[in-house]
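Protein chains: 4
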Amino acid sequence: MTTVTVWNEYRHERNDEEAREVYPEGIHATIADFLEDEGFETRTATLDEPEHGLTEEVLDDTDVLTWWGHEAHDEVEDEIVERVHERVLSGMGLLVLHSGHFSKIFKRLMGTTCDLKWRNEGEKERLWLVEPGHPIAEGVPESIEVPEAEMYGERFDVPAPDTLVFNSWFEGGEVFRSGCCYRRGSGRVFYFRPGHETYPIYKQPEIQKVVANAVSWATPISNSDTSFGNVPKPPEDG
Amino acid sequence: MTTVTVWNEYRHERNDEEAREVYPEGIHATIADFLEDEGFETRTATLDEPEHGLTEEVLDDTDVLTWWGHEAHDEVEDEIVERVHERVLSGMGLLVLHSGHFSKIFKRLMGTTCDLKWRNEGEKERLWLVEPGHPIAEGVPESIEVPEAEMYGERFDVPAPDTLVFNSWFEGGEVFRSGCCYRRGSGRVFYFRPGHETYPIYKQPEIQKVVANAVSWATPISNSDTSFGNVPKPPEDG
Amino acid sequence: MTTVTVWNEYRHERNDEEAREVYPEGIHATIADFLEDEGFETRTATLDEPEHGLTEEVLDDTDVLTWWGHEAHDEVEDEIVERVHERVLSGMGLLVLHSGHFSKIFKRLMGTTCDLKWRNEGEKERLWLVEPGHPIAEGVPESIEVPEAEMYGERFDVPAPDTLVFNSWFEGGEVFRSGCCYRRGSGRVFYFRPGHETYPIYKQPEIQKVVANAVSWATPISNSDTSFGNVPKPPEDG
Amino acid sequence: MTTVTVWNEYRHERNDEEAREVYPEGIHATIADFLEDEGFETRTATLDEPEHGLTEEVLDDTDVLTWWGHEAHDEVEDEIVERVHERVLSGMGLLVLHSGHFSKIFKRLMGTTCDLKWRNEGEKERLWLVEPGHPIAEGVPESIEVPEAEMYGERFDVPAPDTLVFNSWFEGGEVFRSGCCYRRGSGRVFYFRPGHETYPIYKQPEIQKVVANAVSWATPISNSDTSFGNVPKPPEDG
Numbered sequence: 001m002t003t004v005t006v007w008n009e010y011r012h013e014r015n016d017e018e019a020r021e022v023y024p025e026g027i028h029a030t031i032a033d034f035l036e037d038e039g040f041e042t043r044t045a046t047l048d049e050p051e052h053g054l055t056e057e058v059l060d061d062t063d064v065l066t067w068w069g070h071e072a073h074d075e076v077e078d079e080i081v082e083r084v085h086e087r088v089l090s091g092m093g094l095l096v097l098h099s100g101h102f103s104k105i106f107k108r109l110m111g112t113t114c115d116l117k118w119r120n121e122g123e124k125e126r127l128w129l130v131e132p133g134h135p136i137a138e139g140v141p142e143s144i145e146v147p148e149a150e151m152y153g154e155r156f157d158v159p160a161p162d163t164l165v166f167n168s169w170f171e172g173g174e175v176f177r178s179g180c181c182y183r184r185g186s187g188r189v190f191y192f193r194p195g196h197e198t199y200p201i202y203k204q205p206e207i208q209k210v211v212a213n214a215v216s217w218a219t220p221i222s223n224s225d226t227s228f229g230n231v232p233k234p235p236e237d238g
Numbered sequence: 001m002t003t004v005t006v007w008n009e010y011r012h013e014r015n016d017e018e019a020r021e022v023y024p025e026g027i028h029a030t031i032a033d034f035l036e037d038e039g040f041e042t043r044t045a046t047l048d049e050p051e052h053g054l055t056e057e058v059l060d061d062t063d064v065l066t067w068w069g070h071e072a073h074d075e076v077e078d079e080i081v082e083r084v085h086e087r088v089l090s091g092m093g094l095l096v097l098h099s100g101h102f103s104k105i106f107k108r109l110m111g112t113t114c115d116l117k118w119r120n121e122g123e124k125e126r127l128w129l130v131e132p133g134h135p136i137a138e139g140v141p142e143s144i145e146v147p148e149a150e151m152y153g154e155r156f157d158v159p160a161p162d163t164l165v166f167n168s169w170f171e172g173g174e175v176f177r178s179g180c181c182y183r184r185g186s187g188r189v190f191y192f193r194p195g196h197e198t199y200p201i202y203k204q205p206e207i208q209k210v211v212a213n214a215v216s217w218a219t220p221i222s223n224s225d226t227s228f229g230n231v232p233k234p235p236e237d238g
Numbered sequence: 001m002t003t004v005t006v007w008n009e010y011r012h013e014r015n016d017e018e019a020r021e022v023y024p025e026g027i028h029a030t031i032a033d034f035l036e037d038e039g040f041e042t043r044t045a046t047l048d049e050p051e052h053g054l055t056e057e058v059l060d061d062t063d064v065l066t067w068w069g070h071e072a073h074d075e076v077e078d079e080i081v082e083r084v085h086e087r088v089l090s091g092m093g094l095l096v097l098h099s100g101h102f103s104k105i106f107k108r109l110m111g112t113t114c115d116l117k118w119r120n121e122g123e124k125e126r127l128w129l130v131e132p133g134h135p136i137a138e139g140v141p142e143s144i145e146v147p148e149a150e151m152y153g154e155r156f157d158v159p160a161p162d163t164l165v166f167n168s169w170f171e172g173g174e175v176f177r178s179g180c181c182y183r184r185g186s187g188r189v190f191y192f193r194p195g196h197e198t199y200p201i202y203k204q205p206e207i208q209k210v211v212a213n214a215v216s217w218a219t220p221i222s223n224s225d226t227s228f229g230n231v232p233k234p235p236e237d238g
Numbered sequence: 001m002t003t004v005t006v007w008n009e010y011r012h013e014r015n016d017e018e019a020r021e022v023y024p025e026g027i028h029a030t031i032a033d034f035l036e037d038e039g040f041e042t043r044t045a046t047l048d049e050p051e052h053g054l055t056e057e058v059l060d061d062t063d064v065l066t067w068w069g070h071e072a073h074d075e076v077e078d079e080i081v082e083r084v085h086e087r088v089l090s091g092m093g094l095l096v097l098h099s100g101h102f103s104k105i106f107k108r109l110m111g112t113t114c115d116l117k118w119r120n121e122g123e124k125e126r127l128w129l130v131e132p133g134h135p136i137a138e139g140v141p142e143s144i145e146v147p148e149a150e151m152y153g154e155r156f157d158v159p160a161p162d163t164l165v166f167n168s169w170f171e172g173g174e175v176f177r178s179g180c181c182y183r184r185g186s187g188r189v190f191y192f193r194p195g196h197e198t199y200p201i202y203k204q205p206e207i208q209k210v211v212a213n214a215v216s217w218a219t220p221i222s223n224s225d226t227s228f229g230n231v232p233k234p235p236e237d238g
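Chains as they are written, first to last, in this note's numbering: chain A, 1 to 238; chain B, 1 to 238; chain C, 1 to 238; chain D, 1 to 238.
Isolated chain A, as found in the complex (with noise of 0.2 angstroms):
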């Protein structure tokens, strides 16, 4: 069985009013939860904990974690960003949330700037579904309306996902690459738009779909064989 690791900044759920209305008990219980409604096991984990609840052993038993930062990218120290990182080309899936586009551990990974254009006007968002074939549309209708969002617009300075499944639509005139697939070393990634502090998103049953879809797909599979480094003798010499 899949164990996810949900990780939060969590900060605005504690020291901003909207937020805490939203999101009471922080934006990591609400995921938490659905996902463990969609039978995976889960653990959550936070900022402000030791080691931000990122310890080797915690990530040991660990086969996907979810990424949600948004104010506070800097306090994440580099040493942990390392070991995620490491973990991340070793197998584990990694699934980065919303504002997590600036997360260290997402740019880390991505080699670029991951910048784009943004507004907060608690706009309409329409997610269209471009790759109705892709595991992580299983059960997911061909487009998907947030009533109120954070805009983010192309320019999406990210290298060109491997798979591309969701465009998403704002009602000011932008367009963005909503759902990015990702393969890094032995590790799978999934960029995923969607969701901000001070509106219910991840309440909304689709959304919730597609993170756990997107769990399923990022579940690292069995496979340790991979050698690096010198070869002294030709497989050719037998």
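Everything labelled a hint here was simulated from the structure, so no lab data went into it.
Check before you lean on any hint, since a few could be wrong.
Put simply, identical chains are the same to the list, so a pair is met inside one copy or across any two.
Claimed, not checked - Simulated crosslink set (DSSO-like; lysine-lysine; CA at most 30 angstroms straight-line): (1) Lys-209 - Lys-107; (2) Lys-124 - Lys-233; (3) Lys-124 - Lys-107; (4) Lys-233 - Lys-203; (5) Lys-233 - Lys-209; (6) Lys-203 - Lys-124; (7) Lys-233 - Lys-107; (8) Lys-203 - Lys-107; (9) Lys-124 - Lys-209; (10) Lys-124 - Lys-104; (11) Lys-104 - Lys-233.
With chain A's structure known, arrange chains B, C and D on it following the hints.
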């Protein structure tokens, strides 16, 4: 110097008043004109000419072929489609414009239905550049507004493009991958969504710039060394 | 449970002594057997059955179709090719094996010649895993040695695969992209190079493991919401 | 005209007799020479110059940077790596050669370990062209033989290239994706495997041709319009 053959079905502009007003000499004349101005050598060819104007001689002297068709895709003879197909695989560039998504040649190259959603209500379209460093983006602003367009919406049933250059936003709520690069055989194919017989879209300078850039990008390189078939003697036998 | 239809031309094994010795019941029997052992529900179908064994009823009950053909590609009726093509675009998985690169259905889906270099001298082949985190790599060693194989060499004239899983080395000096994933329509296609009528390649456990993994990977998801065509009412009209 | 800065670690050729015999003026001198002959404007820069020769002024006047390093990757200062990284994302082309796979700048751009297998026994390498229509393939034969090379073998731990142009075969039994195109930010990156301090590989005309083609391909286009950050006014407000 790149030689371009601008192909047009050329029916709407002869039979439909509204189209004739926008493109009195035919869409091909407008496209050939601005490509001439950009320094390309151009000729035109149309459906009702013998062999649809695409004789072996014409194709021998064509670096890039642009394709516009809408209501008479079925009248293009299979033999000519095969002829063009072979040329593309051998290196000839192909630009497929707007309703050309349903042309025989595009479907032949893609291997899929190339179907999509559509609505012709003169909606506003805004193309966003998602790959600003791509040659097709040279000198192109980060977004292009088309005041009135026929809407095309996702799911666009094509293989994922090798490179996605533009993403379109539509007034009515849809999005579309509107600038798609493909490599097929030794040839390059660019699908570009904008353009319609009753809107003066090919008269917009930014749209013309994209088409001209795409012609440059799709120009074949000189490389005719690829061999296929039985190789009785292994390279290792020297 | 995934249901697999194992298709075979089934001519060599009846007409050619050498092939009959390796696969006395036909290649399809060997493939169906090991897939059964892996827990799939299997049936077989062959060229000389009515409708090549690929009736609408059979395809209605097929999640993944595997395809092996070599000397009689032209005898596969176009109508059946179209039938299979539609099924793939609607989500049915397709595994194209070895000489199936020249089958009508593979060429139809790829849109290219699918040509390559070849030499049948019983050379050693070594498949290297280039994407160790891919589901098709589950439990597969980092290289697989095939003691005797027909060589296929680059240039392989196919669209660049969405994901390249294996790269092959050949004794005589060539390389080949030997495990290629494609998404076409809602379906997934895997081309897997190894296998030949006169070498017992499909009896190798690692090769069997790859084929079984590919069947799992290509199993359709449940998602039938994609709509196409005219959408008179914009989503924004509510 | 494209201006190229040819960067070299330049240690082997000063400290190691064998390397000095092959490249008495340094690898950078050889590369700069043949690029001059191809019509590019070139300069060189080396590790032991102030700021490694990569001052802001030098980079202001660089369209494409080529990178060769082997034993002293760690001595490249992080500040210079960040400077080069920003330039690449802003459009500067980057060619990473051979052992540069382990340079800080390449790892920074890829986001992965960039590890591989290696063996330095002077084995024969044969590069096969897998994308004959690609601009980097212009005038290049379908295979290039390198008589003696250090072997690099898969798994090469990089993101799947946007385009794979060459695949290498090695005498000892390995394969390698040896010509890999990436788009990062507005810049283009080409990793090209051949080259080593003790083999005269950069004196081979076909190898020189590929490097020259890659410089042309990686030359930035003029397009500086991309904007990021807050967009308070939606485009739809006119």
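Homomeric proximity label, Lys-124 with Lys-107: Cα distance no greater than 30 angstroms: Within one copy, since 27 angstroms is at most 30 angstroms while 35 angstroms is not.
Homo-oligomer pair classification [Lys-209, Lys-233; C-alpha up to 30 angstroms]: between (49 angstroms within a copy, 27 angstroms between copies)
Intra- versus inter-copy proximity for Lys-209 and Lys-124 (alpha-carbon distance at most 30 angstroms): within (19 angstroms within a copy, 32 angstroms between copies)
Copy assignment of Lys-124 with Lys-104, given that the CA separation must stay at most 30 angstroms: Close inside one copy (28 angstroms), not across copies (38 angstroms); limit 30 angstroms.
Intra- versus inter-subunit Cα pairing at 30 angstroms for Lys-233 with Lys-203: between (56 angstroms within a copy, 28 angstroms between copies)
30 angstroms Cα threshold - placement of Lys-233 relative to Lys-104: For Lys-104 and Lys-233, the Cα distance is within 30 angstroms only across copies (29 angstroms; inside one copy 40 angstroms).
30 angstroms Cα threshold - placement of Lys-107 relative to Lys-233: Classified as between; 27 angstroms across copies, 38 angstroms inside a copy.
Within, between, both or neither: Lys-209, Lys-107 at alpha-carbon 30 angstroms: within (26 angstroms within a copy, 33 angstroms between copies)
Same-copy or cross-copy closeness of Lys-203 to Lys-124 [CA-CA at most 30 angstroms]: Answer is within: at 16 angstroms inside a copy they meet the 30 angstroms cutoff, but 33 angstroms across does not.
Identical-chain pair category, Lys-124 with Lys-233, by Cα at 30 angstroms: between (61 angstroms within a copy, 15 angstroms between copies)
Intra/inter-copy verdict for Lys-203 and Lys-107 if alpha-carbon distance must be at most 30 angstroms: within (27 angstroms within a copy, 38 angstroms between copies)
The structure is consistent with each of the numbered hints, conforming to all of them.
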